[in-house]
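Asks: The listed protein sequences derive, respectively, from chains A and B.
For the first sequence, this note's numbering assigns the number -1 to the initial residue and increments by one for each residue that follows.
For the second sequence, this note's numbering assigns the number 2 to the initial residue and increments by one for each residue that follows.
Careful, some of the hints might be misleading.
Once the Cα atoms are required to be at most 25 Å apart in a straight line, the calculated DSS-like pairs of lysine-lysine come out as [unchecked claim]: (1) Lys274(A) <-> Lys300(A); (2) Lys202(B) <-> Lys44(A); (3) Lys204(A) <-> Lys192(A); (4) Lys202(A) <-> Lys200(B); (5) Lys186(B) <-> Lys200(B); (6) Lys44(A) <-> Lys2(A); (7) Lys41(A) <-> Lys6(A); (8) Lys248(B) <-> Lys202(B); (9) Lys40(A) <-> Lys1(A); (10) Lys204(A) <-> Lys248(B); (11) Lys205(A) <-> Lys200(B); (12) Lys155(A) <-> Lys224(A).
Quick look at which bits of chain B chain A covers, simulated, 3 or more residues with Cβ under 8 Å [as the list claims (entries may be wrong)]: (13) 61 to 72; (14) 176 to 182.
What the hints contain is simulated information worked out from the structure, not anything from laboratory work.
No residue lacks a Cβ here, since even glycine has one placed at the ideal position from N, Cα and C.
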Amino acid sequence: MAKKFLMKGNEALAEAAMRNGCRFFFGYPITPQTELAAYMAKKMPKIGGTFLQAESEVAAINMVYGAAGAGARVMTSSSSPGISLKSEGISYIAAADLPCVIVNIVRGGPGLGGIQAAQSDYFQATKGGGHGDYRLLVYAPASIQELVDLTAKAFEKADEYRNPAMIMGDGMLGQMMEPVEFSEPIDLSSLPEKEWATTGTEMKRKKNIINSLYLSPEELEYLNIKRYEKYAVIKEKEPMYEEVYTEDAELIVTAYGTVSRVALSAINILREEGYKVGLIRPITLWPFPEKIFDERSKTAKKFLSVELSMGQMVEDVERCTKGRSEVHFFGRSGGMVPGKEDIVEEIKRIY
Amino acid sequence: MEVLFERPHSLSNVVNSYCPGCTHGIIHRLVAEVIDEMGIEGETIGIAPVGCSVTAYNFFEFDIQQAAHGRAPAVATGIKRVHPDKFVFTYQGDGDLAAIGTAEIVHAAARSENITVIFVNNAIYGMTGGQMAPTSLVGQVTQTTPYGRKVENQGYPLRVCELLSTVEGAAYIERVSVDSVQNIKKAKAAIRKAFECQKNKKGFSLVEVLSTCPTNWGKEPDEALEWLRENMMPHYPLGVYCDYTDKD
Chain A
-1 MAKKFLMKGN EALAEAAMRN GCRFFFGYPI TPQTELAAYM AKKMPKIGGT
49 FLQAESEVAA INMVYGAAGA GARVMTSSSS PGISLKSEGI SYIAAADLPC
99 VIVNIVRGGP GLGGIQAAQS DYFQATKGGG HGDYRLLVYA PASIQELVDL
149 TAKAFEKADE YRNPAMIMGD GMLGQMMEPV EFSEPIDLSS LPEKEWATTG
199 TEMKRKKNII NSLYLSPEEL EYLNIKRYEK YAVIKEKEPM YEEVYTEDAE
249 LIVTAYGTVS RVALSAINIL REEGYKVGLI RPITLWPFPE KIFDERSKTA
299 KKFLSVELSM GQMVEDVERC TKGRSEVHFF GRSGGMVPGK EDIVEEIKRI
349 Y
Chain B
2 MEVLFERPHS LSNVVNSYCP GCTHGIIHRL VAEVIDEMGI EGETIGIAPV
52 GCSVTAYNFF EFDIQQAAHG RAPAVATGIK RVHPDKFVFT YQGDGDLAAI
102 GTAEIVHAAA RSENITVIFV NNAIYGMTGG QMAPTSLVGQ VTQTTPYGRK
152 VENQGYPLRV CELLSTVEGA AYIERVSVDS VQNIKKAKAA IRKAFECQKN
202 KKGFSLVEVL STCPTNWGKE PDEALEWLRE NMMPHYPLGV YCDYTDKD
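Please put together the full structure from these sequences, using the hints given.
Replies: What follows is the structure, given as structure tokens:
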């Protein structure tokens, strides 16, 4: 068995990124992702990598664009207001079909908001954020081990699909410590060649262009359609979720990330009391695990979306249950987190 | 038979999109000639800005990335950190570099990123149809300063070379012009020096090229060159603003 480390989420994510071939990190200080950048600053030079503190979030994401276009495994991390600033660059990265990993350790918003855990960037992450027709792969880990495992997956899938991937955590996940195992560092030379990257032609091939400008509407529409064909494959192959006690559930709670753990505690209490309650925990927020909601809405009478927001994922739950089940929402926002008793009470109220 | 004149290999065999009389074509050619002469076409990665030269990726025959408005120095930083031995340069206009991209250019210089910047200053936004630029002169009539740029309202034009030469990380900064044959030769020498600066890993280099925009200035090409000489040169003096290329 691999060695176990007791680590903070932010640090574990950084370690996992480096072990999965990330050699370039560009970021700007913001709470509560601080430890991630600090860990990178300390460790990157020791493995021949680059940590660069940019002059702004805007510059950082455009450094990511450059490095990704130059063929590197590259990452940036931030928190909500910083992701807003990066959103222009994320749109360009998606439009230029560049692989990279973007971490959002979400804090309460809108505006400068607060620094406590929140999930109020769900719309931003899954429905756009920046301008234009594009999607990110969005992974929402609920434990530090899962954060580590999904970091590996994010790099792998970003490269596979030439698409930016986002890891959505929150201040709790970033700050708390749990034991984790890491896989052995990958061999960088084992990664497939990126023939499309701007590495200099060496006079051996035609020039490569990284670009998102298409002034001909025919051409731009064609490329958007091609990209949506890619998204269709992702929607088919990449949804991830966890189910607990859903087989006989009359009410299914749906929650992702750290708050799903609180929800599960509530469900365990209620199961002991005889309530037929289950959980669907989306692990990918985009692609949203649509099929399981479609399937379970045929048997479960009610759904309850528990979120650290004023109600965002609940719209996808409504969409995917197609009016077959009643869909309810229970959330706290601004950095407030419900206790298991609060969720128990809410479930009993609507059961 | 001896070839006396031909298209540089680093320029693509296409018709460019620039207006008649615009000096972008000359500047593109100078950059391409320098890259050819240094034999670095296969090792060069360019960055196109937003502005009239947004489609420069069609005109140069080496690897190139198109950047978001003003972000070319950040994109260049990302590329250069991945490929420190390749030649990385940005090609930016005045709106791109001196307005929306002010933070990126100042900090690329401060970090002494070992990149080269070709800064084309024609004192106007060309692509969008002639609005006031950060380098538009006081009194200059543009679409958004129809009564002339007024200091009380729009402030003063920014002198980029002077500003950046105060930044410790800047290794080589020169302002040139392409209004005459003599100045075109000087401009080419400056561009060559900037790429040599990068080759010798001396750090950040920038060449500002005073350029014309006959279309949006509303002038004939020859009148535009005259206007550049009479109005731009006094405000933007040509010359070397810093040169630490001989220092270790």
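Asks: So, for every hint listed, does it hold in this structure?
Replies: These are the hints, each one checked on the structure:
1. Restraint check for Lys274(A) and Lys300(A): the C-alpha separation of about 11 Å stays at or below 25 Å, so the hint holds.
2. With a C-alpha separation of about 23 Å, the suggested pair Lys202(B) and Lys44(A) falls inside the 25 Å cut-off, and the hint holds.
3. For the given pair, Lys204(A) sits about 14 Å from Lys192(A) by alpha-carbon distance, which is consistent with the 25 Å threshold.
4. As the CA atoms of Lys202(A) and Lys200(B) are separated by approximately 21 Å, the hinted pair is consistent with the 25 Å bound.
5. Only pairs whose Cα atoms come within 25 Å are accepted, and Lys186(B) paired with Lys200(B) is accepted, the gap being roughly 21 Å.
6. A C-alpha spacing of about 22 Å is found between Lys44(A) and Lys2(A), which places the hinted pair at or below 25 Å, so the restraint holds.
7. With a CA separation close to 15 Å, the supplied pair Lys41(A) and Lys6(A) stays within the 25 Å bound.
8. A hinted pair counts as satisfied when its Cα atoms are at most 25 Å apart, and Lys248(B) with Lys202(B) qualifies at roughly 11 Å.
9. Proposed proximity of Lys40(A) and Lys1(A) is supported: the alpha carbons are some 21 Å apart, at most 25 Å.
10. Of the supplied pair hints, the one linking Lys204(A) and Lys248(B) is violated, its CA atoms being roughly 37 Å apart against a limit of 25 Å.
11. Among the hinted pairs, Lys205(A) with Lys200(B) is consistent with the structure: their alpha-carbon atoms are about 21 Å apart, no more than 25 Å.
12. A hinted pair counts as satisfied when its Cα atoms are at most 25 Å apart, and Lys155(A) with Lys224(A) qualifies at roughly 18 Å.
13. Only residues whose beta carbon comes within less than 8 Å of a beta carbon in chain A count, and the segment 61 to 72 of chain B has 10; three or more means the coverage holds.
14. Restraint check on the segment 176 to 182 of chain B versus chain A: 0 residues with Cβ-Cβ distances below 8 Å, three needed, restraint violated.
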